[in-house]
Structure formats: structure tokens, C-alpha cells
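Input sequences plus hints: build the corresponding full structure.
Top line first, the protein sequences correspond to chains A and B.
In this text, residue positions in the first sequence follow our numbering: the first is 262, and each later residue adds one.
In this text, residue positions in the second sequence follow our numbering: the first is 262, and each later residue adds one.
Just so you know, these hints were derived from the structure itself, not from any lab.
Heads up, some of the hints might be wrong.
As the list claims (entries may be wrong) - As a list, the in silico BS3-like pairs of lysine-lysine whose alpha-carbon atoms are at most 27 Å apart:
# : chain 1 : residue 1 : chain 2 : residue 2
1 : A       : K589      : A       : K601
2 : B       : K633      : A       : K633
3 : A       : K633      : A       : K430
4 : A       : K535      : A       : K499
5 : B       : K671      : A       : K589
6 : A       : K604      : A       : K535
Claimed, not checked - Using C-beta positions, here's what the derived DEER-type ranges look like:
# : chain 1 : residue 1 : chain 2 : residue 2 : range
7 : B       : G289      : A       : K430      : 25 to 35 Å
8 : A       : E471      : B       : P628      : 28 to 38 Å
9 : A       : R638      : B       : E322      : 22 to 32 Å
Note that CB positions come from ideal geometry on N, CA and C, so glycine has one too.
Chain by chain, the residues:
Protein chains: 2
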Amino acid sequence: MAGGAGTRLWPVSRDTLPKQFIALLDGGESTFQATVRRVSGEGFDRPVVITNQDFRFICAEQLAQVGVDADIVLEPERKDSAPAVAVGAVIASARREDALCLALAADHLIGDAEAFRADCQTIGELAAKGHIMTLGIRPTEPSTEYGYIRPGAERLGENAFRLDRFVEKPDRATAEGYVAEGYVWNSGNFAFAARVMLDELTRFAPAVVEAARASVAGAVRDLDFIRLDPASFAASPKISIDYAVMEKTSRAGVLAAAFEWSDIGSWGSLHAVKPRDEAGNVVEGDAAVLDTRNSLVRSEGLLTAVVGLEDVVVVTTQDAVLVADRTKAGAVKDLVARMKAEKRPQASEHLRIFRPWGWYQRIDIGPRFQVKHITVRPGATLSLQRHHHRAEHWVVVHGTAEVTIDGTVKLYHENEAAYLPIGCTHRMHNPGKIDLKIIEVQVGSYTGEDDIVRIEDVYARQ
Amino acid sequence: MAGGAGTRLWPVSRDTLPKQFIALLDGGESTFQATVRRVSGEGFDRPVVITNQDFRFICAEQLAQVGVDADIVLEPERKDSAPAVAVGAVIASARREDALCLALAADHLIGDAEAFRADCQTIGELAAKGHIMTLGIRPTEPSTEYGYIRPGAERLGENAFRLDRFVEKPDRATAEGYVAEGYVWNSGNFAFAARVMLDELTRFAPAVVEAARASVAGAVRDLDFIRLDPASFAASPKISIDYAVMEKTSRAGVLAAAFEWSDIGSWGSLHAVKPRDEAGNVVEGDAAVLDTRNSLVRSEGLLTAVVGLEDVVVVTTQDAVLVADRTKAGAVKDLVARMKAEKRPQASEHLRIFRPWGWYQRIDIGPRFQVKHITVRPGATLSLQRHHHRAEHWVVVHGTAEVTIDGTVKLYHENEAAYLPIGCTHRMHNPGKIDLKIIEVQVGSYTGEDDIVRIEDVYARQ
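Now the structure itself:
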């Protein structure tokens, strides 16, 4: 499940590229990549990635980077976890009737992949017996950030119990009581037999399973993607799998797992799971700290200096800066909501915009002009397009461009420039084996993204 | 005196453009501009600006912006305040033998220009009687950031006294005692008769006055600037006017002035003098604050968000970010010293580099390429130059360029591009009445600033 849009890790995580796709982990991997890698190989079938259609290209690119093949199923809209689980179960049971499923969130950190896989084996075996197993995590502290699960008395296996009840995020005192009584954190990851889950969904949330079956039946293959039928999917209630099934079913079990786990729900929790220096700081990127303790400082390029502070989070990107009390970093969500209401582009969009063919980034803008850096992947092609209000100058600074202008095709090499007059039909293609990098200078009365007439597009965009 | 290089207001103030030239004041004026404007008009002669030669163009441009004519005297190196005061006195006494001087720092904030001018009248009259008057400020709090002056018992005029003694920056308890006993802050601004100052310098610091006379005698007029003779100036001791004269002379007096004053010695002191909102915050530029109090947030373009903090300073520029405890913001000086030792360019240089002809700013850089935005003032001309390792593409995005390439002159208008092959001799001139803006794409094996052969330069640079 990789469809979420985490705003609590703003400004790094934004709607157009949310946290599960960000290289937050040491080694530069995203949690999405780490998640699919953890369940690749022996014992696991080809993963089914369920994500929002907006993330299809980044999803495909990140899978290719880690060499994992997957079915990428696109949700036409956000519907919470029950519809995603239902769609997964429908697809799995079509592969084989007795399919066992792991429903995993793509934005979690897991410290020990081997321990995780061993636990998957355990809950898989219990799932085969008809249990719907939730992955519980033994608390390392009385956190108020997570929901808890009370394991029942009936033992299903080693560290596995029938599930007694779910409880919401508690206050500190309640959380201490829970920890003392052996409650575990609810990680939101599950194992079940596809058939059992579909049975329980049919019983407790029939509209969800109906919509899932119809949207899979009506799905369209589009390039490498499986597009769920929008009308059928729209009919599904928006509900979490906990509310739809887990709190109602008598088949629920829980494994009390002991590996390091975090849902990285805030910058504070990222600080908690990262290696810290002797002052308790996590410092990433170009940063300088002086007389500073227990803080997270992360820069994506700007020199970021912190002086004389404790328990702060400082995160800087090319177009936005967040400074927050580490223990109140959850409130970033409220701030982002406010900034969205104020229609600030930095609240939702990254400066670097990923496209199926690569990415672009604005590097300068002024009255009647805009400058972009455009990187085109080897073999990729931008749409055949036209602008009404701007001319463009393309200077190739790396690689080779095949440029079509009003039907005439010409190759441009490093240090060569093409001029595209207003209104001309043009297309850029990278015929080479290395990235093509272009500096695009736009000049005209209007340089907005929406002045684009797409005449033809290999990625079927309008 | 406008030659200082304030690092405690980093990242806005840097060696290449220090705080006195930054638009820190409401209304977008620099303290340098406010200082010269305050002493312009009736009762004041043409100001003598003494500054470092590195600041000559920004100095001239800022004077032109506020419409003040001044003699701009260039120090070949930094020598503290006594040599500057001596040079000023030498120049003033050459204008007229009985000249009265005000020696003012260019980086101070003064709240009430009228009160200031009235006090200048008062200390001017006392200076004419032979006193060397220091401008003392009645403390508004027991600050530990300023040196203090004890007024003597002998009254020289209304609020004016013979000076009893100077004391260094005290600790808090001592400062409270000073305030109770009627001490005033030492503002470092003075009034004196040129002749008296030269006499006292001759008596207490003869090497300073000798060097001043020789460096003025050997000065060279260069465009609008007066360049002090480097060898003569180099011979001067590096000493403050307080140590050289004020603590020794029997002619010192002090006026206890009552207007709002600050030397803006740190971000904390800027917070103290700016209008604050009801939460005690000063918020400037594109910023969003949530649950934040008594803080200074200043952005030069990046969206800057602060959540759940108190007493912090957050200052963001295009290439650097400072986050500091407001009460420890003086330590920024130490941080900058460390970053200079680490040879981080952001410690000393701004991203936007001012030149006599306008400014340029890097907007993108990568292997074998660099992109710059270049703005050329109307009528201005860049040097005739050549590069060994890079070709350049110039796209005009605003105004008109007169471009010379290997002797051929051609006009380029908005949306036209010129190509400069490696090794060609080229020059850019703005023949128009509005700013010329060019996007320059450099491509080549080396794009450093030092790959430039200047063949001819109207600003006499090498």
C-alpha cells in the first residue's frame, strides 16, 4: 500500500512526492523500495503495489532502481486502507485460490529484515489456518503516537495470540499502563488468506468488496500499470481496514514482534530511529551545528547552520525551510493544511517535478521569462507539443537531443542550442545511452505550465 | 565609517556585502543609506564616506539611490577606527581649517532622526569649544552587549558632561549598577573639531596621524573614488579611536542622548528594535509561523515555516539558512569563523555578486556546465574578455544587449540569443534605458570565475 500523502514530513514529503518515495533511509533508499525489497525473493510472489495514479511513474522508476518487478495497481482516488486491501485480495485470489497475502504499508521503517521475514513466515502459517494476523510491535517506550493492541489469552503460536481488542492512541499515563500489561503497537501490517479476507469483507463491509471486484474486473492495462475502473472504485466507502474488518472479525490474531519498527510519522520519529552523534544530533547534508543537542538537521543543498538550540528539527529544501520543536513536529500537519488553504505551491508541490520521461526544475523566473533545467532519461520522449505564449531556447549541456521542430528532426549535441518560436510544434527525445540535460529559457507573455497543447504523447497524457 | 565586515548577521551579512549595506530597515533602506541621509542637507557639509575598497561600487550605488553626493575614500586594508577618524579629520581640515566633524558608524540604527540632528547641533557647538564629544545613549536596559561611559560631574551643557571614564562590556549585575549610577552606552559616534582631533592624535598616536596625512597626500582619484595611498596607509597602527585617543585625552565629553539607538550587533538586537506582532514575533518575507513566540523569522525568498518554538532566530537566504537561539545569536560570529576556516563559500560570499555594471547570480551548476542570471544596468559595460575553457550562450530575456564578438558589434533584443565560442573575445553593453537581463549558459571543461582574461575594462579592474 503506497498511496498515502504524508504531510507531517513536509517540506521533504509533499503531495506530488510523498514520504514513502523519499530517500529517507541511510543508503539513499526510500521506505517503498526497502519494503518491496524485503518481500522479494524466495517465499514471496510478485508484489502487488497499490498506489495513487499520480505516483505511477515514480513508483515504476523506484521499482526499476531496486530491480523488483511488481504489478502496479492505480487507484483513481484516495479511499483509505480497506478498499486497497480488498483490491489486493481480489488480485491475489485470481492468481491462486489459496493465496496468502501480506498487506504492508510502504512508509514504515523496519530495522531487521531477517527478523521481519521470519515473522512473516510465522504469520503466514497462521494465516493459512484461517487467522487474520496483525503485526504487533512490542513497545520500546509508552508512545502516545501509536494505537495499541491487547493480545488475548489464547496462544496461537510462539509470540502469537488471538487478538483481544484494539485501542486508540492513548495519553501518556494510559500508554504506560498498556506497556506494563503487555499491549503491543498496532503497526497496520497484516497477513491473511485472500479468501478469508474476502469472506470477512463480504460479511462486514460488502460494499467495499463489491467495489473492489468490479474495479478489478473493469481495470485497464495502461503501459505497465493496471488502472482500476474509476466508476466502480468511486462506489467504495472510504474506510480503514481496522474499522471495516479487524475490529469486528473473530478471526483476528496478533504477533508480538520484537524488531525495530517506526511508521516515521513525524520528523521527531525519524530522529528517534536514525543513528545520532554524541550530542544526540542527526545531521544530514550540508550543515553546520554549534552548541546544539538532540536535534535533527537535514539539508537538501542549502548550507544549514544551527546555533545554541536543543530538541529542534531543521529541514531545508531548495524552496522551503521547516524549523520546529522536535517534540511538537506532528503539528507540521496543521501548518501544511493552513499553507494549502493559502494556496502556497510549496505546500503540495516539489520544485523538482517528476515526469515519465525524467524531471524538470525551475531555476529562475521573472517578468516574461522562466528558466528550467530538464533531464530526459535515455530513450525517453517528451510529448509533441505547442505553446501559444512563449518561445523557447534549448541549450544542450549534457548528452544528445533529438529535436523535432515543425516536422523537421535534428540532432543537437552538448553546447548546441535550438530555438523554438512561439506556436511551433516541437518534441524532444533522448536517443542516447546517458541522461540528456537541457537548459530551457522561456520568453513570452505567459510562462505557466498550462500553456501547453499536447498533440501526441507516448505516455498517454492529456 | 562604512568599512566593517559584520559576520554576526550572517547569512544576510557577509564579507562581500556586510550589514551596513543590507536593507535591514523598514522601508528597504540600509543603515548606511539612513546614516548619510540623516546628515544631509542644511547644517551639514558633503559627507566623507570611508570604506573598504571592496565596497566601492555598492557604496556608490547606494548613495545614488538616496540621492546623496559624497566623497568616497577607499581604505586599501582594514585598520580599525582611529586611522579612519584620522583620515576624515585630515580631509575635513583641508576643506576648511576650522572644520567640525561628526564621526559616525554606518551600521547603527537611530530611531528619531530629528532628535539625533538636534543632539548633533549640541555636540557640534561643544566641539567648536574644543571638546571631543562622544554620543552616549541613555540605557533602556542593563545591556551586557555595549561598553559604558561614566559622565563626570562637570556639566558642559544640557545633558552634556565632561567624560569621566570608559568601561568595557560588563556582566549583568555590573550593568545594573551602571544603569543605576547614570552611566550611558558608548555608541562609538563622535563630534570634534578636525584640528583638535589631529592635535590629540599627534600627541597620543603620532604614527596614526602621520600615516593618515601621507595616505591622503598620496591618494589617487579613480572614477568617483579617492584611493588612499596603500603604502602610507599600511604603515598605520591598527587601533580603535577609543584606545588611541578617547581614553587618554582630557578633552573628552559625553552627551547623554535619549533617542532609540542600536548597533544591530546580532539578530537578537535586530529583533529588539523591530516592530513585533502580539506574539512578540518579527516576521519578514515569505514565512509561516505556528505556535511560535518572541522570534525573528526573515526570508529572502524561501518559504520559511516555524512551528512550536520560542526565542529563536530563523534567517533564510537563497543558499544558506541560520537557526539560532535568539539570546545566543552572538555566537553566529564563531560559527562563521569556523565555516570560513572550512572554506565554505557561503561563509564569505553572497550568491548574488555585485559588480560595477550590475550583478550576477548562479542559478544552476553541474558537471561541465553552469547557468547564470546577469543583470546589466542601463549604460553599463562588462569588460572585454575571453575564456579558455568554456563557450557561452546568452539569451536576452529583458532589455537590449549590444554584444561585441571578435570585433563585430550586434544588437540583441528580448528573446534573441548569442553564441560565444571558446576563445572568442567578447563584451556586453547595455545601450538602453532599462535593465538588461541575460541568461548565460556556460558549457565547457571548467566554469570557474578565474577562467577570464580581461582585455579591457571601463572600471579599471584586472
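Query raised in the report: Has the given pair, K633/A with K430/A, been kept, meaning a C-alpha gap of at most 27 Å?
Result: Given pair K633/A, K430/A is violated - Cα atoms ~45 Å apart, limit 27 Å.
Query raised in the report: Taking the CB of E471/A and the CB of P628/B, does the distance hold inside 28 to 38 Å?
Result: Hint violated: Cβ distance 55 Å, outside 28 to 38 Å.
**Report entry** Beta-carbon spacing of G289/B to K430/A - inside the hinted bounds 25 to 35 Å or not
**Finding:** violated (48 Å)
Query - Holds or violated: K589/A to K601/A, with C-alpha atoms at most 27 Å apart - result: holds (20 Å)
Report task. For the pair supplied as a hint, K633/B and K633/A, confirm whether the alpha-carbon distance does not exceed 27 Å. Result -> Holds, because 12 Å separates the two Cα atoms, which is no more than 27 Å.
Requested in this report: Please work out if K535/A and K499/A have their alpha carbons no farther apart than 27 Å.
Outcome: violated (34 Å)
Requested in this report: Quickly compare the C-alpha distance for K671/B and K589/A to 27 Å and report which way the hint goes.
Outcome: The given pair, whose Cα atoms are some 60 Å apart, is violated under the 27 Å limit.
Query raised in the report: Do the alpha carbons of K604/A and K535/A lie within 27 Å of each other, as the hint requires?
Result: Violated, at about 33 Å.
Query - Outcome for the supplied range 22 to 32 Å, where the beta carbon pair is R638/A and E322/B - result: For R638/A and E322/B the Cβ distance comes to about 45 Å; the hint is violated.
When held up to the earlier numbered hints, the structure conflicts with 3, 4, 5, 6, 7, 8, 9 and fits the remainder.
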